[in-house]
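Top to bottom, those sequences are chains A and B. Convert by adding 106 to the 1-based position in the first sequence; the result is the number in our numbering. Convert by adding 9 to the 1-based position in the second sequence; the result is the number in our numbering.
Since the hints were made in silico from the structure, they are not lab data. This structure is a prediction, so every number in the text was calculated from the model and none was measured. Treat the hints with care, as some may be off.
As the list claims (entries may be wrong) - Distance windows between CB atoms, simulated:
#1 B:N249 - A:G233: 55 to 63 angstroms
#2 B:V101 - A:D172: 41 to 49 angstroms
#3 A:L296 - B:D30: 46 to 54 angstroms
For glycine and all other residues, C-beta sits at the position ideal for the given N, C-alpha and C.
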Amino acid sequence: MGHIFVIAEHRNGEIRDITFEMLQKAGALAQDLSCSVTAVLLAGANESFGENLAKWADRVLVFEDDRIKTYDSDLYIGILAALVKEEQPLLTLMGHTSWGMDYAPALAARTGYPLATDATDILLEDGRPQMIRQMYGGKLFSRVSFSPSAGYMITVRPGAFQTDGAGEKSGEVVSQNLPEELESPRREFLEFEDTAAGDVDITQADLLVSVGRGVGDADNIETVQELADLLGGTLSCSRPVVDKNWLPKYHQVGTSGKSVKPKVYLALGISGAFQHVAGITGADCVIAVNKDKKAPIFRVADYGIADDLFTVVDALKEKTKSG
Amino acid sequence: MNIIVCVKRVPLTQEVDLEIDDSGKKIKEDALAYVINDWDNYAIEAAVQLQENQGGEVTAVTIGNEDDEEVLRRALAMGADRAIRIDPGDLVLDGYLNASILAKTITDLEYDLIFTRVQSEDHNTGMVGVMLAEQLGLAHAAVCNGIEPEDGTVKVRVELEGGIDEVSRVQLPALLTIQTGINEPRYVSIMGIRKAKKKELKVMSLEDLGFAAEDLTPQTLIEAVFLPPETEGAEMIEGNPAEMAEAVIRIMGEKGVTV
Numbered sequence: 107m108g109h110i111f112v113i114a115e116h117r118n119g120e121i122r123d124i125t126f127e128m129l130q131k132a133g134a135l136a137q138d139l140s141c142s143v144t145a146v147l148l149a150g151a152n153e154s155f156g157e158n159l160a161k162w163a164d165r166v167l168v169f170e171d172d173r174i175k176t177y178d179s180d181l182y183i184g185i186l187a188a189l190v191k192e193e194q195p196l197l198t199l200m201g202h203t204s205w206g207m208d209y210a211p212a213l214a215a216r217t218g219y220p221l222a223t224d225a226t227d228i229l230l231e232d233g234r235p236q237m238i239r240q241m242y243g244g245k246l247f248s249r250v251s252f253s254p255s256a257g258y259m260i261t262v263r264p265g266a267f268q269t270d271g272a273g274e275k276s277g278e279v280v281s282q283n284l285p286e287e288l289e290s291p292r293r294e295f296l297e298f299e300d301t302a303a304g305d306v307d308i309t310q311a312d313l314l315v316s317v318g319r320g321v322g323d324a325d326n327i328e329t330v331q332e333l334a335d336l337l338g339g340t341l342s343c344s345r346p347v348v349d350k351n352w353l354p355k356y357h358q359v360g361t362s363g364k365s366v367k368p369k370v371y372l373a374l375g376i377s378g379a380f381q382h383v384a385g386i387t388g389a390d391c392v393i394a395v396n397k398d399k400k401a402p403i404f405r406v407a408d409y410g411i412a413d414d415l416f417t418v419v420d421a422l423k424e425k426t427k428s429g
Numbered sequence: 010m011n012i013i014v015c016v017k018r019v020p021l022t023q024e025v026d027l028e029i030d031d032s033g034k035k036i037k038e039d040a041l042a043y044v045i046n047d048w049d050n051y052a053i054e055a056a057v058q059l060q061e062n063q064g065g066e067v068t069a070v071t072i073g074n075e076d077d078e079e080v081l082r083r084a085l086a087m088g089a090d091r092a093i094r095i096d097p098g099d100l101v102l103d104g105y106l107n108a109s110i111l112a113k114t115i116t117d118l119e120y121d122l123i124f125t126r127v128q129s130e131d132h133n134t135g136m137v138g139v140m141l142a143e144q145l146g147l148a149h150a151a152v153c154n155g156i157e158p159e160d161g162t163v164k165v166r167v168e169l170e171g172g173i174d175e176v177s178r179v180q181l182p183a184l185l186t187i188q189t190g191i192n193e194p195r196y197v198s199i200m201g202i203r204k205a206k207k208k209e210l211k212v213m214s215l216e217d218l219g220f221a222a223e224d225l226t227p228q229t230l231i232e233a234v235f236l237p238p239e240t241e242g243a244e245m246i247e248g249n250p251a252e253m254a255e256a257v258i259r260i261m262g263e264k265g266v267t268v
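Make a model of the complete structure from these sequences and hints.
Pasting the structure below:
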């Protein structure tokens, strides 16, 4: 019987959602393949995360050592490569997160297993996985197959799979020893730093007026700020606006910024990259304005206007002033 | 500090309707405009800034055809000292092959740091840099938004989810994948690009690198591409600007946001 491996991700003592999302999908695939689900956890000594995962897996392999209390590139790759070589899982799932992107490609290269990244779905074709992913920032989907191998590796987009309630398994938690011939790490963790704190708290706003790359220039931010003020809303933005230093990071919505939950999210000139969309799933209503009628933001918005954002901003200002 | 920076030219697809070609496995690329991959612009800037502060040389590398040299000339104009283009011919490349070709190109060069993009704007795989690091046996850090050299090491900031940065120290030589926003890429003038034509630009084939045909089997294959379904999505608001504004205000009101 083969295994599907799910590599758990955790930070500051908490298992991250992506782990359960992967376990949910792994459970469905395992049924079709008649194989078992193994969760793999690398954690600090006596952190006892293992029990949380046991509800979702047939088996939980736990490596506990204070050297892996926080993510460590070299140790993760060394430990996981040794484990994969020994157990030869048919499929290994990892998060398409910053840390997943840090170790998955190296693990694939070291084990020789083929890797495909950022899956939004995983299918089976003659007992072999294929995956669906997006290209060109979400404007095109593709179906990807692997060359034949003993095992396959896939990184999974956070939020691609939903978990339904609590897990119903009661997997065995098995403590593992770290491999003996582990090379010493070449990268040393120093600290975490919160970069998103600032003068404006976008997470508490009922109305967010949010600008993206389509605003075009730093000088154009002001007119959108004026609209936000007139509507009694808070100004937020997508990543390119922060990258270009047009607004400070504490305005940023999305994976690397903040998740928000306004009643209304007015997205102006935001294309809708998944990293941004992941931050607005808690919004009650999304109204998107974008010149490009094929912009991915219209696939997640409740209402859309395919027009120039400044036309709409000016009309809204006019409307608000005239009451 | 000698730095190698891997760059790539990508089609500009924002505000463009993509069309699928007859093979069903890729888009029609002929009519598209091409630009430097956004992440690479930041990677080149990061390399050139380090070189300006620490000395050393910057080498820009791309895999591509003659038209792709545009992106190398841009790197040279920004301050890179030399450039290498690997011509893959008609070979269809996946992330693994891109990493393998770059590894063979770079392995005999002298370097302290290699910079790659976090991901490319076209395929968005985000795997080439770290795979390259492993093939070269290097320490690495992915998704870097800060780099500070500190005697024989670099202190890096890695961008995690939720506005958190992880600060760590990496031994050299190392490979870093560079995130957008790490710096402000300098402006490149036409004159600058023209001047940079004097700098060395070396072209190599896969044969020059010693690849045999059997080494060049991809690990993944795109079976089909398709456009997102048209049916799902937003209810579109039509009309003149005043009518659209009125509709927006009305919807806001329905959701409990009164102006």
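Violated constraints from the hint list, given by number and in increasing order: Result: no hint breaks.
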